[in-house]
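Undergrad: Protein sequence lines, in the order shown, are assigned to chains A and B.
For what it's worth, my numbering labels the leading residue of the first sequence as 1, then goes sequentially.
For what it's worth, my numbering labels the leading residue of the second sequence as 1, then goes sequentially.
None of these hints come from the bench; they were simulated from the model.
Just so you know, not all the hints are guaranteed correct.
Note: identical chains are not told apart, hence a pair may lie in one copy or across any two.
Claimed, not checked - In the BS3-like style, the derived pairs of lysine-lysine whose C-alpha atoms are separated by at most 27 Å in a straight line are:
no.: 1; residue 1: Lys581; residue 2: Lys379
no.: 2; residue 1: Lys493; residue 2: Lys52
no.: 3; residue 1: Lys152; residue 2: Lys322
no.: 4; residue 1: Lys332; residue 2: Lys230
no.: 5; residue 1: Lys336; residue 2: Lys10
no.: 6; residue 1: Lys512; residue 2: Lys336
no.: 7; residue 1: Lys52; residue 2: Lys504
no.: 8; residue 1: Lys197; residue 2: Lys89
no.: 9; residue 1: Lys163; residue 2: Lys336
no.: 10; residue 1: Lys10; residue 2: Lys230
no.: 11; residue 1: Lys578; residue 2: Lys152
no.: 12; residue 1: Lys581; residue 2: Lys335
no.: 13; residue 1: Lys150; residue 2: Lys336
no.: 14; residue 1: Lys230; residue 2: Lys336
no.: 15; residue 1: Lys504; residue 2: Lys230
no.: 16; residue 1: Lys335; residue 2: Lys504
no.: 17; residue 1: Lys477; residue 2: Lys197
no.: 18; residue 1: Lys493; residue 2: Lys581
no.: 19; residue 1: Lys336; residue 2: Lys581
no.: 20; residue 1: Lys512; residue 2: Lys581
no.: 21; residue 1: Lys563; residue 2: Lys578
Protein chains: 2
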Amino acid sequence: MKSPKALSMKYMEMKTLEWQLFNVFALESLTEQSRFADHDAVSFRQILDSVKKFADTELYPVIREMDENPARFEDGTVIVHPAVGTTMKTLGEMGLIGAPLDYEVGGLQIPITLFQALNFVIDAANNHVSGYYNLTFGAAELIAVFGNDKLKEDYLQPMLEGKWGGTMCLTEPQAGSSLSDVETVAIPQDDGSYKLKGQKIWISGGEHKHVDNIVHLVLARIPGGGPGTKGISLLVVPRDRLDGTPNDVTCAGDFQKMGQKGYCTTHIIFGENDDCRGYLVGTEHRGLAHMFQMMNGARLAVGRSAAAIATAAYEASLSFAKERPQGRRLMKGGKKDVSQEQTLIINHPDVRRMLLTQKCVSEASLALILQASYYYDMKHSTEGDEAKDYWLLLELLTPVAKTYPSEAGKRSVDLGLQVLGGSGFCNEYILQLYYRDIRIMSIYEGTTGIQSLDLLGRKILAENGRALDLLEQEINKTLDQAAEFPDQVAQLKEHMALNRDVLKSLLPLVMKGEVEMFLSDATVYMELFSNIVIAWLWMKMAVKAQEEGAGTDFLKAKIHAMKFFFQYELTLNHGLAKVLKTPERLTIAEDDEALLAFA
Amino acid sequence: MKSPKALSMKYMEMKTLEWQLFNVFALESLTEQSRFADHDAVSFRQILDSVKKFADTELYPVIREMDENPARFEDGTVIVHPAVGTTMKTLGEMGLIGAPLDYEVGGLQIPITLFQALNFVIDAANNHVSGYYNLTFGAAELIAVFGNDKLKEDYLQPMLEGKWGGTMCLTEPQAGSSLSDVETVAIPQDDGSYKLKGQKIWISGGEHKHVDNIVHLVLARIPGGGPGTKGISLLVVPRDRLDGTPNDVTCAGDFQKMGQKGYCTTHIIFGENDDCRGYLVGTEHRGLAHMFQMMNGARLAVGRSAAAIATAAYEASLSFAKERPQGRRLMKGGKKDVSQEQTLIINHPDVRRMLLTQKCVSEASLALILQASYYYDMKHSTEGDEAKDYWLLLELLTPVAKTYPSEAGKRSVDLGLQVLGGSGFCNEYILQLYYRDIRIMSIYEGTTGIQSLDLLGRKILAENGRALDLLEQEINKTLDQAAEFPDQVAQLKEHMALNRDVLKSLLPLVMKGEVEMFLSDATVYMELFSNIVIAWLWMKMAVKAQEEGAGTDFLKAKIHAMKFFFQYELTLNHGLAKVLKTPERLTIAEDDEALLAFA
Numbered sequence: 001m002k003s004p005k006a007l008s009m010k011y012m013e014m015k016t017l018e019w020q021l022f023n024v025f026a027l028e029s030l031t032e033q034s035r036f037a038d039h040d041a042v043s044f045r046q047i048l049d050s051v052k053k054f055a056d057t058e059l060y061p062v063i064r065e066m067d068e069n070p071a072r073f074e075d076g077t078v079i080v081h082p083a084v085g086t087t088m089k090t091l092g093e094m095g096l097i098g099a100p101l102d103y104e105v106g107g108l109q110i111p112i113t114l115f116q117a118l119n120f121v122i123d124a125a126n127n128h129v130s131g132y133y134n135l136t137f138g139a140a141e142l143i144a145v146f147g148n149d150k151l152k153e154d155y156l157q158p159m160l161e162g163k164w165g166g167t168m169c170l171t172e173p174q175a176g177s178s179l180s181d182v183e184t185v186a187i188p189q190d191d192g193s194y195k196l197k198g199q200k201i202w203i204s205g206g207e208h209k210h211v212d213n214i215v216h217l218v219l220a221r222i223p224g225g226g227p228g229t230k231g232i233s234l235l236v237v238p239r240d241r242l243d244g245t246p247n248d249v250t251c252a253g254d255f256q257k258m259g260q261k262g263y264c265t266t267h268i269i270f271g272e273n274d275d276c277r278g279y280l281v282g283t284e285h286r287g288l289a290h291m292f293q294m295m296n297g298a299r300l301a302v303g304r305s306a307a308a309i310a311t312a313a314y315e316a317s318l319s320f321a322k323e324r325p326q327g328r329r330l331m332k333g334g335k336k337d338v339s340q341e342q343t344l345i346i347n348h349p350d351v352r353r354m355l356l357t358q359k360c361v362s363e364a365s366l367a368l369i370l371q372a373s374y375y376y377d378m379k380h381s382t383e384g385d386e387a388k389d390y391w392l393l394l395e396l397l398t399p400v401a402k403t404y405p406s407e408a409g410k411r412s413v414d415l416g417l418q419v420l421g422g423s424g425f426c427n428e429y430i431l432q433l434y435y436r437d438i439r440i441m442s443i444y445e446g447t448t449g450i451q452s453l454d455l456l457g458r459k460i461l462a463e464n465g466r467a468l469d470l471l472e473q474e475i476n477k478t479l480d481q482a483a484e485f486p487d488q489v490a491q492l493k494e495h496m497a498l499n500r501d502v503l504k505s506l507l508p509l510v511m512k513g514e515v516e517m518f519l520s521d522a523t524v525y526m527e528l529f530s531n532i533v534i535a536w537l538w539m540k541m542a543v544k545a546q547e548e549g550a551g552t553d554f555l556k557a558k559i560h561a562m563k564f565f566f567q568y569e570l571t572l573n574h575g576l577a578k579v580l581k582t583p584e585r586l587t588i589a590e591d592d593e594a595l596l597a598f599a
Numbered sequence: 001m002k003s004p005k006a007l008s009m010k011y012m013e014m015k016t017l018e019w020q021l022f023n024v025f026a027l028e029s030l031t032e033q034s035r036f037a038d039h040d041a042v043s044f045r046q047i048l049d050s051v052k053k054f055a056d057t058e059l060y061p062v063i064r065e066m067d068e069n070p071a072r073f074e075d076g077t078v079i080v081h082p083a084v085g086t087t088m089k090t091l092g093e094m095g096l097i098g099a100p101l102d103y104e105v106g107g108l109q110i111p112i113t114l115f116q117a118l119n120f121v122i123d124a125a126n127n128h129v130s131g132y133y134n135l136t137f138g139a140a141e142l143i144a145v146f147g148n149d150k151l152k153e154d155y156l157q158p159m160l161e162g163k164w165g166g167t168m169c170l171t172e173p174q175a176g177s178s179l180s181d182v183e184t185v186a187i188p189q190d191d192g193s194y195k196l197k198g199q200k201i202w203i204s205g206g207e208h209k210h211v212d213n214i215v216h217l218v219l220a221r222i223p224g225g226g227p228g229t230k231g232i233s234l235l236v237v238p239r240d241r242l243d244g245t246p247n248d249v250t251c252a253g254d255f256q257k258m259g260q261k262g263y264c265t266t267h268i269i270f271g272e273n274d275d276c277r278g279y280l281v282g283t284e285h286r287g288l289a290h291m292f293q294m295m296n297g298a299r300l301a302v303g304r305s306a307a308a309i310a311t312a313a314y315e316a317s318l319s320f321a322k323e324r325p326q327g328r329r330l331m332k333g334g335k336k337d338v339s340q341e342q343t344l345i346i347n348h349p350d351v352r353r354m355l356l357t358q359k360c361v362s363e364a365s366l367a368l369i370l371q372a373s374y375y376y377d378m379k380h381s382t383e384g385d386e387a388k389d390y391w392l393l394l395e396l397l398t399p400v401a402k403t404y405p406s407e408a409g410k411r412s413v414d415l416g417l418q419v420l421g422g423s424g425f426c427n428e429y430i431l432q433l434y435y436r437d438i439r440i441m442s443i444y445e446g447t448t449g450i451q452s453l454d455l456l457g458r459k460i461l462a463e464n465g466r467a468l469d470l471l472e473q474e475i476n477k478t479l480d481q482a483a484e485f486p487d488q489v490a491q492l493k494e495h496m497a498l499n500r501d502v503l504k505s506l507l508p509l510v511m512k513g514e515v516e517m518f519l520s521d522a523t524v525y526m527e528l529f530s531n532i533v534i535a536w537l538w539m540k541m542a543v544k545a546q547e548e549g550a551g552t553d554f555l556k557a558k559i560h561a562m563k564f565f566f567q568y569e570l571t572l573n574h575g576l577a578k579v580l581k582t583p584e585r586l587t588i589a590e591d592d593e594a595l596l597a598f599a
């Protein structure tokens, strides 16, 4: 049996990432935009290489340790693995924590597309450390975009240097995903600051001693804002004040979890002694809108982590399958020749089916993240109608980019564990760790159910469906280049029409005001819609592989995977469409029958 | 936040189990068979009640402890939770370990259907303990059926009394699922015994000190049997000899796992000092056939454990959803009224969809186990053609009864965790434990891939497809009583025809000898076929509910669940059928291209 050590350094090959980044999504072309004009392909590759080296030497080697020694609450603070400190420090020194930000606030103005790629490498190596600096980036970005000069001056530099950590404080015990019910209050003081009182749960990276301070970005109610989400404001609340004294921010515990055990999940109390000060970010009562600007980035980041875990799982399963002999292939007539040596399990069709599913899901999840990021970069480096169209495409893809890698990625890691058979369930192999870690991704930053409501209830309906029109134009552009694959072109066109059919059967409910009925199967719709997006991305990759001559095994394998996805995954939309077109609504109950279905 | 304590005693209500057992499957009617004539409904219920009480007081309260303090190897033995000893002792005293066996070997001749129900209760309470006595039963059954009088006399009584444990030793490190490659040898000795040499891995319940002895049933090669599975024999190999001296059986370790942590998974070495004695069970070189007689029972047992875990997860999710307020329902026009109190999450359509899926999967998985067990009982209490038909039905359903609860159950527990949102991922709630525990079920006793080969490659083809004909007769009998549900009757008929279509497109491959191609998507076929079987069982339950007047919420909910399954799950077969009917075979590679797809 293999020791975990023998499986090391195999979490990720760079070949597919680099090919997607530089060939399929033509990262270099972004340097034609003035925002990115100081960069070039050489500098992009240098950054990528240095991050890969850091991940290889410092992060992947400790993921098992972080899993086996979970973050834990002790004496008012949380003990986490020292790699958290190393990561903050190293990425801070490399200037990478806030690298996509503007020069003037201390960023490097690198494309988000590249930034996602860097983070993908780190997530694949060790998804327990990445949240610490990712949230620091998110918090810094909010300050950079909405904060006044004083806030920027006081907070940005130590955060971007990795000396201070940052968090997002949304969830409260009584509210969960329902931000309308946030109760933390912020009372204006004469000096322009606010006094905070309230508590927040599930605050990732909320407390540890590997940074000098932790800067919380907190949603709270300033009196006068009215009920619901409209009355919510956003405040900066540091754990320690600028003079180093405590700011009445207390850590009350660390939630113990099934996975991502090295990533602390804290319970934070603000103003237990009525002495917690916060500082307004942006406009009073506009806090949720501000937060959601960052939230889209956070959603892409979750999708990216999921894609990265699925990738690491795929590579681990693949190397097992290439090394493990077991059983024999069936010969013509169905016999096995037991006098022959055992075959490698990669030669069994069912194992190949599982591995090809893993390949399809993990590589396309990466492509989806890069595609959405590319739209983000184009939106931020163009203007007017062009920028608006990129924004609509980004908005449409964001819930999908959060959800598909999380949900299909979970299924993919599950298959990856199955490839190993009983070994997959044993701690000696790493698959069980990925299986546990990836499970949180469909919950973080808005569950799959919430993303699906966003997709069908907002993004598809927005601007009279213009985002979908734009996406179909994008897909058709790809199909126009795909003459080599006529069967799959026809299939994708059929499925685009099927999607329109489904919407045609659902939209009358919106007209009638039956919005709950319209949205009741949004999660099923998410699955159908995602499959179309992923089929498009696979076609885009196959077209590129063909354009490059399809002469190498690497390129041939991309075309093979495209065909596999169309045959085994896109095809399932026929069933999903039938579910969605059924007029009965078995999941909606009159109030007096609410519990009947579960009697 | 809730403490785990507050969630206790909610792992299983008896109502659905009892209704299925006594009403849908008419357990009492089995007492008309002479084999079961000494029993009646009262005695059946007494046994069930006493098991439930034992599970409530001794087993459910310790499952968290067993998870948090995994079985561990120490000084040549394995430390397991004392509940293992309590369980062996209590069930032994109650006569339940071997209760389905014949009176003459110490059994109670209870129906397997009842036995599965008892075990279902225990598995739902604590799936970490059940394997210890279940394998003891399996080992005892092999001795009872195939052993000579001496073996029966020496071993059965202490095993059935729970004083000795039993195991099944199949897997070896180099062979995995490929039993053709078993290398453990058994050399005949002058005294009629055999000298064993070899090692076995993943031996569940293989070593601990809460029983006085452990009796291994070992697959090994007696010279002269030829290669492959035909040369394998079955031997009884006790850890300690009858005189109490050691038999050169060594425990070399305990595998640490992601779930079922209280259930030890050992590495056993036989004959390290050339002094390990075994005793032949049944006929030389017929060991695999003997073992597989028991294996069908073991496969049903795995499906039952999965069904039970899915049930416990469903009840936990349901009670959370009934207590947890969050957000508000959408009113006509799509607005929410934030001045209203938050609604319970059970009222959100997406949560109801998840819970109804859990209900459908867990209750139908139980029904499937009971249906297969009923066929088993009828096979063993009838004769001639009648017995043979029951046997064919049992054979056909066994791979499905192993796989559907394991695979759909995994998906069901995943949805159950999602119902809890972030709480589902936290150790404080039990869902994450069920999520980890159920994951092994699609691997134990033949993976999903292996079960699927069995279904399509053996069971569907056997006796010119007679088993499928018989099953369709069974389904049609139910449909004839289902006049109240014309839409669903039509739908199930359509899907039975679709299944025949799929087989028609696949069978020519068998004729041409292209068996590897025929079987390459067997796992996809398993999913399609299972959905038809489950739809039938839901229809059977709906028909019974209707027959009983459908007047209570309990009965109405069964009919609602049936409709839900047809709409949301059976419908997906349209997509699966299209996958299966595609002639291309993307998972089969010529040898020289074996790795190309993964380049």
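Undergrad: Taking the hints in turn, state whether each one holds.
TA: How the hints compare with the structure:
Taking the closest pair of Cα atoms, lysine 581 and lysine 379 never come within 27 Å of each other, the shortest separation being 35 Å inside a single copy and 44 Å across copies. Neither within a single protomer nor between protomers do lysine 493 and lysine 52 lie at most 27 Å apart by alpha-carbon distance, with minima of 39 Å and 56 Å respectively. Taking identical chains as interchangeable, the C-alpha atoms of lysine 152 and lysine 322 are never at most 27 Å apart, the minima being 52 Å within one chain and 46 Å between chains. Proximity of lysine 332 to lysine 230 under the C-alpha cut-off of 27 Å is restricted to the inter-copy arrangement: shortest distance 21 Å between copies versus 69 Å within a copy.
In this assembly of identical chains, the alpha carbons of lysine 336 and lysine 10 never lie at most 27 Å apart, being 33 Å within a copy and 49 Å across copies at closest. Taking CA atoms no more than 27 Å apart as the test, lysine 512 paired with lysine 336 passes between copies only; the shortest distance there is 17 Å, against 62 Å inside one copy. Neither within a single protomer nor between protomers do lysine 52 and lysine 504 lie at most 27 Å apart by alpha-carbon distance, with minima of 47 Å and 52 Å respectively. Taking the shortest Cα distances, lysine 197 and lysine 89 never come within 27 Å of each other, neither inside one copy (32 Å) nor across copies (56 Å).
For the homomeric pair lysine 163 and lysine 336, neither the shortest alpha-carbon distance inside one copy (63 Å) nor that between copies (43 Å) is at most 27 Å. For the identical chains of this complex, lysine 10 and lysine 230 are neighbours neither inside a copy (48 Å) nor across copies (40 Å), given an alpha-carbon limit of 27 Å. Proximity of lysine 578 to lysine 152 under the C-alpha cut-off of 27 Å is found in neither arrangement, the shortest distances being 53 Å within a copy and 58 Å between copies. In this assembly of identical chains, the alpha carbons of lysine 581 and lysine 335 lie at most 27 Å apart only when taken from different copies (24 Å versus 45 Å within one copy).
In this assembly of identical chains, the alpha carbons of lysine 150 and lysine 336 never lie at most 27 Å apart, being 76 Å within a copy and 38 Å across copies at closest. In this assembly of identical chains, lysine 230 and lysine 336 lie within 27 Å of each other by CA distance solely across copies; the values are 13 Å between and 69 Å within a copy. Taking the closest pair of Cα atoms, lysine 504 and lysine 230 never come within 27 Å of each other, the shortest separation being 33 Å inside a single copy and 60 Å across copies. In the homo-oligomer, the alpha carbons of lysine 335 and lysine 504 lie at most 27 Å apart only across protomers (22 Å), although the nearest pairing inside one protomer, at 52 Å, exceeds that limit.
For the homomeric pair lysine 477 and lysine 197, neither the shortest alpha-carbon distance inside one copy (53 Å) nor that between copies (66 Å) is at most 27 Å. Within a single copy, lysine 493 and lysine 581 get their C-alpha atoms as close as 19 Å, and across copies as close as 20 Å, so both meet the 27 Å cut-off. Proximity of lysine 336 to lysine 581 under the C-alpha cut-off of 27 Å is restricted to the inter-copy arrangement: shortest distance 26 Å between copies versus 46 Å within a copy. For a Cα distance limit of 27 Å, the shortest separation of lysine 512 from lysine 581 inside one copy, 17 Å, qualifies, whereas the shortest one across copies, 40 Å, does not.
For a Cα distance limit of 27 Å, the shortest separation of lysine 563 from lysine 578 qualifies both inside one copy, at 23 Å, and across copies, at 15 Å.
Hint violations for this structure: numbers 1, 2, 3, 5, 7, 8, 9, 10, 11, 13, 15 and 17, all remaining hints satisfied.
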